[in-house]
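Asker: Sequence:
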Amino acid sequence: MQEPKLKENRWNHKLEKDILEKWNEESNIYKFDENADEIFIMDTPPPYPSGRPWHIGAAAHYSQIDMIARSQRMMGKSVMFPIGIDRNGIGVENYTEKKCGVSIHTTSRENFLKLCKETFNELEDEMITIMKHLGLSCDFKNYYRTDSDEYRALTQSTFINLWKNNLIYEDTRPNNFCVKCGTTIADAEVLYDEISTDLVYMKFKTEEDENIIVASTRPELLGACQIIIVNPKDKKNSKFIGKNVIIPLFNRKVKVISHPQAKIEFGSGVAMICSYGDFSDVRLFRELKLKEIVMIDKRGKLTDKACNYNGLSVKIAREKIIEDLEKSELIIKKEKIIHRTPICERSKNPIEIIPMKEYYLKQLNSIEKIREATNKLKMYPKNSKQILLDWINSISIDWPISRRRFYATEIPIWYCKKCNEPHIPKPGKYYRPWKDNSPFEKCNKCNSNELIGETRTFDTWMDSSISALAISKLRNNEKLFEKTYPTSIRTQGKDIIRTWLYYSMLRCEQITKKIPWDSAWIMGYVVDEKGKKMSKSKGNVVDPIPILDNYGSDNFRFWSAAEAGLGSDFRFSEDKLRGSSKFMTKLWNIARFVSSFPQPSKPNLTNTDKWILNSLEKLILVSKEAYKEYNFFIPANKIREFVWNIFADHYIEMIKTRAYGEGNFNKEEIESAHYTLHEVLRKILQLIAPITPFITDYVYRNLYESKVHNSKFENIINIEDVSDITNNIIEFNSNVWNEKKSKGISLRDEISFQIPENLKSYEKDLIIMHKLIK
RNA sequence: GGAUCUAUUGUCUAGUGGCUAGGACGCCACCCUUACAAGGUGGAGGCAGGAGUUCAAUUCUCCUUAGAUUCACCA
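Just so we're aligned, residue 44 is where the first sequence starts under my numbering, counting upward by one.
One or more hints might be untrue.
[To be verified] Listed below are the simulated DSS-like cross-link pairs for lysine-lysine, each with C-alpha atoms no more than 25 Å apart in a straight line:
(1) Lys557 - Lys120
(2) Lys726 - Lys629
(3) Lys223 - Lys141
(4) Lys485 - Lys460
(5) Lys755 - Lys65
(6) Lys516 - Lys120
(7) Lys412 - Lys556
(8) Lys246 - Lys376
(9) Lys358 - Lys332
(10) Lys279 - Lys248
(11) Lys412 - Lys207
(12) Lys699 - Lys50
(13) Lys671 - Lys755
(14) Lys175 - Lys120
(15) Lys557 - Lys526
(16) Lys556 - Lys526
(17) Lys65 - Lys50
(18) Lys344 - Lys334
(19) Lys175 - Lys74
(20) Lys65 - Lys750
(21) Lys576 - Lys537
(22) Lys207 - Lys516
(23) Lys246 - Lys276
(24) Lys296 - Lys332
(25) Lys376 - Lys296
(26) Lys488 - Lys472
(27) Lys120 - Lys74
(28) Lys60 - Lys246
(29) Lys120 - Lys419
(30) Lys377 - Lys306
Calculated directly from the structure, the hints in this document are not laboratory data.
Construct all of the structure, not just a fragment, from the sequences and the given hints.
Answerer: In C-alpha cells:
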C-alpha cells in the first residue's frame, strides 16, 4: 500500500477550470484529420442568440452532442465537430429594438445593423463561454458565423444557382404577414396560440328585407367581404342561398351561396368570406375565383377600401365598427370564444394575411424526393421521423424567402430602373445591393445605365439550411467537400424539425442532388420541474450559468445523460443534479482507493478477479453498442450501476483484505487484486469519458500518465464467461449482511455461515470478507 | 377530428409471457467499517381502469381514462 495519488476525499468541480486551461493548450488532440481511415462529420446546430439567459436545455443539448463526438473518437474515428453561431434574422432584430429602445423603421439601416451586431457579439460571448465551460470538444478556433462575408457569400451563391435553375420566382399572393416585424413570414415560422376573442353576431339584410345573422371574429373586415356561405344541409339558413344580401355600413351587395365549409353548429351557421381573415378565406377566394379587396396594409392599418375606417389600426377599427353597428342596432350578441390564432414565432403578434410581392423558392416539385429521402434517412429515435413526414405532407405552397428586414443576408439582385429587368451577379462574392454599387454597368435588356439594388433580405433559414455545405466547404475546398459530403450526422432539437431539418434537406437536395447526412439525431426538450415547456414568457427558464457554477459540468452532463432516454423530454431538477454529484464523489473515491495500490503487470488471475473483469467486459459491450446508436442514457445508467452496486459494493469489499496484503494470500494473489483494480478503473474511466470528460481526464492523467481522451475503448479478451454468478454473489453477501443484522452483531464480527457449492471458487475472499467461521 | 408516443412506489426511471418487478432521489432504522457519513447495511413503498388471448399477463391484443407531441379545422 502506498499514499493515494488523489488526496482530497471528494471530487472538487472547481478543478474543471484548471482542466479546461490544460485542454486549451492541448486542443490539437481533437483535431480533425481528413485523411484518417474513418471520418465522422457532424452537422451541429449553430445556436441562435435571441436573448438572455441561454436555455438550460441548450446546455444539455450541446453536452450530448459533445458525447456523440467523444464517443465516436473513442471508437476510432476522426471527428469533425464544427461549431458556429447563427447570426441572422428577426429574432435578434426584435431583441435589439427592445434592448436599445430603437425601431427598425425609424433608425438608419446602417445604424441598425451596427446595433444588431453589437447585440450578437455580447450574446455570442455568453454562449461560447458556456459551451467551453461545458467542456465541448468542438473546433472553437475555427468557429463560423452565418453573418460572415464568407458564409453570406455562400448563401447568395446558392441562391444564384437556384435562380439559374429556374427554382426562384417572384409573385404577389396572400401571405402570412407580421405587422410588428413588418415582413412576410413562412408557414414554418407561424405558431398558434389560444387567444380569447369576441365572436360578433351581425344582422345583414337581404334584398327582400329579411334578416340574416352572420357571425364573425373579424368585423373590421366587413368591407372586404365578397361572399357569404351557408351549409347546404342547414335547415334554418338554406332559404337564403342564392339571394343577395347587403353588407351593413358598406352597403354593398354580395351573394349567399351554399358551401360545405360552413359549419351548421358554429356561430349562426352563416359565415362571411373576406380577403383575408384566415387561410380558409384564401382557399375559398382561390376556389371561387373571387376578387380580393386589400383591407389591411403592411403597417397593420386599414386601407382606403375601408372608407370611414381608413388609416385606423386593426384593433381600433374593430372597436369602431362594432360601435357603429351597435348604434344602428345591427349587433345581436357578442360571444367570448377561445380562438386558435396564428401568431408570429418571433414577435408573438397575431398574423395578418396580406398580398405582397415576394420571392419564392419552389419546393412543391421537390417534395416527393424529400419524402423518399426521409424514408431512407436513419433517424434516432425512430419515431421522430413521423414528425418530419407529417410536416412534409402538409406543405401546400412554395416557400416565401424574401423578408423586409435588415440584419440578414441580402438578396443579390439589381433591377434596371427603366425596365425593371432583374440582374443576378456572379457567385462567389458577398453582395449588399442596398448599399454597394451595381456590378452591372448597363441593363442587358434595354441598355439603360441605371440599376437599383434590391433592399430585401432572405429568410434566416436560407442561411442555416446550408450549414452542411458550409462545414464541408462547398465552393471553397472541393477535395474536402468530396470527402466529407454528405456528412455523417445531423444533431438537433425536436422543435426545429419542420424548419432546420426540412429546409436543410430541401436546400441541399436542390443544390447537390443529395441529402446532406446519413442520419439525424433528434433530442427532446428539457422541461421544468412540473413537466411544462420552458419559455421566457412563462418565466420558468433556468439560467445555466449558476447551475454549472454550483454543480460543475461533469455533474450536469452526467445528469443530462442519465435522466431520459433518447428523444424523450426530461425534467430539470436540482435534486437530481445533487444525486448525480454523489456518483462523481463515489467514482472519485474508488479512484482514490485504487490509486493507493501499485500497478503490476498481468499475473495469473484469481477467480474473483476473473469474475469482475468478465462483468466489466459485459458492461463494455453494452455501452459500446449504445454509443453506436448515439444513446447515452444506457451507458450512464449501466456504468453507474456497475461501478456502485457491483464493483464498489461487492468486488472491492471482497478483495479489500487481499489488496492490503493481509490474510493468508500469496504474492501472486495480491498482485492479481492490484492488477484487476487498476484494470477495471482504467476501463471504467475510458468508458464514461465521453459523458464526464473532466473527472476522467484528471484521474487518468494522475494515475496512468496519459490522456483518456486520446485513448480508444478497450475490450477484455480471452476471459471465461461467468456472468451468471453475479447475482449469486450479490445474494450471498446480502444474506450474510442480513444475518448479522438480525443477530444484532457488527459487520466486522465473526459469523458462522455456509458457502453454497457454486461459490466455492470465491471461498477464500468470501471467508475473509465476512469473517466466516466453521 | 387525424397521427405518433406514453402510463411501473412520494418523485424520476429500468425491465420481463412464469423468478421475491431492478435502480436513483426522498423517507425510516441501525452502523465512524484503514476509498467514500456527500458513506455502509437493512427496511417501508409500485405495474392507470376494464375486457380478451393464454396453463400463466406488469409484459401481447382491444376498449376506456389521463397526459405529451404533432398536423388539420375553427366565421
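Asker: Work down the list of hints and note, for each, if the structure agrees.
Answerer: Hints and how they fare:
| no. | hint | verdict |
| --- | --- | --- |
| 1 | Lys557 - Lys120 | 23 Å, holds |
| 2 | Lys726 - Lys629 | 16 Å, holds |
| 3 | Lys223 - Lys141 | 13 Å, holds |
| 4 | Lys485 - Lys460 | 10 Å, holds |
| 5 | Lys755 - Lys65 | 20 Å, holds |
| 6 | Lys516 - Lys120 | 20 Å, holds |
| 7 | Lys412 - Lys556 | 10 Å, holds |
| 8 | Lys246 - Lys376 | 10 Å, holds |
| 9 | Lys358 - Lys332 | 29 Å, violated |
| 10 | Lys279 - Lys248 | 16 Å, holds |
| 11 | Lys412 - Lys207 | 20 Å, holds |
| 12 | Lys699 - Lys50 | 19 Å, holds |
| 13 | Lys671 - Lys755 | 14 Å, holds |
| 14 | Lys175 - Lys120 | 22 Å, holds |
| 15 | Lys557 - Lys526 | 14 Å, holds |
| 16 | Lys556 - Lys526 | 16 Å, holds |
| 17 | Lys65 - Lys50 | 20 Å, holds |
| 18 | Lys344 - Lys334 | 20 Å, holds |
| 19 | Lys175 - Lys74 | 16 Å, holds |
| 20 | Lys65 - Lys750 | 11 Å, holds |
| 21 | Lys576 - Lys537 | 13 Å, holds |
| 22 | Lys207 - Lys516 | 21 Å, holds |
| 23 | Lys246 - Lys276 | 21 Å, holds |
| 24 | Lys296 - Lys332 | 17 Å, holds |
| 25 | Lys376 - Lys296 | 23 Å, holds |
| 26 | Lys488 - Lys472 | 24 Å, holds |
| 27 | Lys120 - Lys74 | 11 Å, holds |
| 28 | Lys60 - Lys246 | 72 Å, violated |
| 29 | Lys120 - Lys419 | 24 Å, holds |
| 30 | Lys377 - Lys306 | 19 Å, holds |
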